[in-house]
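Enquirer: Read off the chains here:
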Amino acid sequence: MHIELPEILETIRMTEVEHFDIRTVTMGINLKDCISDSLPRLKENIYEKLMRTASEHVATAEKVEAQYGISIANKRISVTPIALVGDGYYAEDFVEIACVLDKAADNLGVDYLGGFSALVQKGFSKGDLGLIRAIPEALTQTKHVCSSVNVATTKAGINMDAVYLMGQIIKETAERSADDDGIGCAKLVVFANAPEDNPFIAGAFHGVSEPDVVINVGISGPGVILRAVRESYQTDFPTLADNIRRMAFKITRAGEFVGKTVARLQNIPYGIVDISLAPTPMPGDSIADILKAMGLEDVGAPGTTAALALLNDAVKRGGLMASSHVGGMSGAFIPVSEDQGMIDAARTGHITLEKMEAMTSVCSVGIDMVAVPGDTSVEAISGLIADECAIGVANSKTTAVRVIPVPGKTIGEEADYGGLLGVAPIMPLSTLNNAHFIHRGGRIPAPVKGINN
Amino acid sequence: MSSLTENEIRRIAEMAVRQLEGHATPANVEKVVKSALNRLDGGAPKTERMKRVPGGTHAGGRIIITAFGANSIGILAGLTSELAALRCDIVDLSQKIMQEFFTIMILVDSQASEFPFETIKQRMVEKGESFNLKVIVQHEDIFKTMHRV
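Chains as they are written, first to last, in the working numbering: chain A, 216 to 668; chain B, 25 to 173.
A hint or two may mislead.
To be verified - Think about it this way: if two alpha-carbon atoms lie no more than 25 Å apart in a straight line, the pair counts; the simulated SDA-like pairs of lysine to any residue are:
#1 531(A) - 451(A)
#2 531(A) - 172(B)
#3 475(A) - 120(B)
#4 475(A) - 98(B)
#5 158(B) - 224(A)
#6 158(B) - 233(A)
#7 158(B) - 337(A)
#8 337(A) - 661(A)
#9 120(B) - 220(A)
#10 358(A) - 267(A)
#11 168(B) - 337(A)
#12 158(B) - 497(A)
#13 158(B) - 221(A)
#14 158(B) - 98(B)
#15 247(A) - 135(B)
#16 475(A) - 217(A)
#17 358(A) - 497(A)
#18 531(A) - 664(A)
#19 475(A) - 135(B)
#20 168(B) - 232(A)
#21 158(B) - 288(A)
#22 475(A) - 133(B)
#23 168(B) - 247(A)
#24 158(B) - 286(A)
#25 475(A) - 337(A)
In short, the hints are calculated from the structure, not lab data.
Based on the provided sequences and hints, a complete structural model is requested.
Expert: Have a look at this one:
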């Protein structure tokens with residue numbers, strides 16, 4: 216099999232110029248076998264298992280990077296939802312567990328560790344409540360630990376008690392990190408229909424039905440797709456979709472290959488590749504720029520949702536052809552602070568939260584890395600979560616909210632988190648009163664389409 | 025069983041204490057520990073201690089070396105003689121000079137080379153730097169993966 220020079224040059228252009236990289240190689244680790252009725256023993260078991268299992272993870276990923284010339288931006292770990300591992304313990308105990316996870320992540324050299332999580336779509340166990348109440352303190356005391364709470368599924372409906380509680384937890388987490396513009400909230404996500412094999416942070420956790428250890432991969436590559444779209448400037452929609460699909464095939468293949476190689480070298484199973492396009496604040500690495508290149512003046516223009524739907528579907532077509540095991544989120548991410556085009560559109564007011572909400576019905580994640588005024592009420596945040604959950608539950612898809620009520624700041628100001636987290640312009644959220652609705656309590660019943668047997 | 029963690033040793037000791045209850049002779053202890061080891065091995069699949077990542081691996085055959093930069097005399101000779109010194113066999117080579125810009129792709133077989141991939145990569149990059157070239161060294165598989173169904 217002969218490789219042509221243009222093919223080699225294209226690959227090099229993708230990695231050197233267009234920021235194509237593997238966004239994350241995430242090792243999922245089961246911690247169920249660490250459960251103990253003694254807290255010191257539980258902590259010791261968790262630390263020991265993480266150090267034993269992931270000791271070679273970073274070194275292996277770096278080796279694969281060098282060998283194939285494709286950079287792996289993040290090496291991460293996801294663990295069994297800690298609410299399960301520590302069920303029966305109290306909030307202060309969960310803070311201690313979070314500190315152990317952080318220490319292990321630090322010593323292993325990984326960027327983030329996801330799985331300080333609870334699945335409460337139908338109700339709370341004692342451990343779930345303990346973990347959720349520990350989130351503000353845990354995220355303040357730790358550097359690498361990320362937290363997620365699943366509050367709704369298409370099968371169970373929406374746990375509105377959890378939605379209200381998470382509104383409070385988000386506010387509290389922001390206030391604990393007020394000096395850093397509420398950065399704690401960047402490590403906390405509220406989900407509907409959370410996938411169990413998601414390699415992306417902050418929502419990664421190692422689902423209960425996963426094997427003991429597994430490698431999942433998330434690709435990145437808006438820059439590469441942007442070129443495909445720009446080169447299709449004069450074409451009609453089918454050709455545009457086709458060109459995106461072909462490019463998505465190539466980057467998914469690279470992602471799968473890298474994931475399989477990292478897994479093989481460590482002698483552990485390979486799980487899935489998540490074909491979400493993940494942007495960074497780097498110029499040219501933006502989902503918003505892709506939508507603009509399709510012919511919109513800016514994101515937020517009428518047609519934005521259709522453009523995103525086309526993009527997301529074309530990426531899926533290419534990705535599904537490229538890999539047998541596509542999983543995780545597998546859609547386009549549109550985190551405001553992490554995407555230069557979205558930052559610009561939020562600054563000018565071209566994109567609003569309401570338009571973003573519509574966009575989340577055709578792509579993955581949802582209201583992601585959005586800063587709102589610090590005086591936003593708990594009920595307003597809970598309402599935003601409930602709306603996203605409704606979109607996810609009614610459409611049998613994942614949606615999520617990662618919102619930051621920036622303490623002491625308001626419309627017209629910005630929160631600068633630096634690095635990959637970027638800059639978040641404060642966006643207006645409706646201040647109409649929804650308190651009576653949010654305070655009702657109980658569970659919004661599962662939709663009829665959830666009963667599909 | 026290659027190595028035991030402290031936890032596993034503690035569990036074996038606890039099992040032995042429970043079973044022996046005061047009848048501890050060297051033969052009895054050995055029997056109990058052996059059966060405990062078997063049970064640990066045969067029990068629920070545990071996380072094996074991860075195989076160490078081999079320090080310097082052969083890339084398992086073919087490597088693609090791409091170099092770009094301003095043209096100057098002796099680039100090709102420099103790169104190929106370095107490859108010869110590394111005992112890499114050149115399988116295919118394609119070179120283009122566009123205006124003053126030099127591009128080259130060399131497909132080499134490193135099977136016969138005693139040098140690990142990391143060394144080949146490092147020496148080729150250094151050689152390139154002496155000519156002001158950017159040299160990228162990658163295993164061939166990444167291109168096959170991306171460009172072939």
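Enquirer: Which of the listed hints are not met by the structure?
Expert: Hints 3, 4, 7, 11, 15, 23 and 25 are the ones this structure does not satisfy, whereas the remaining hints hold.
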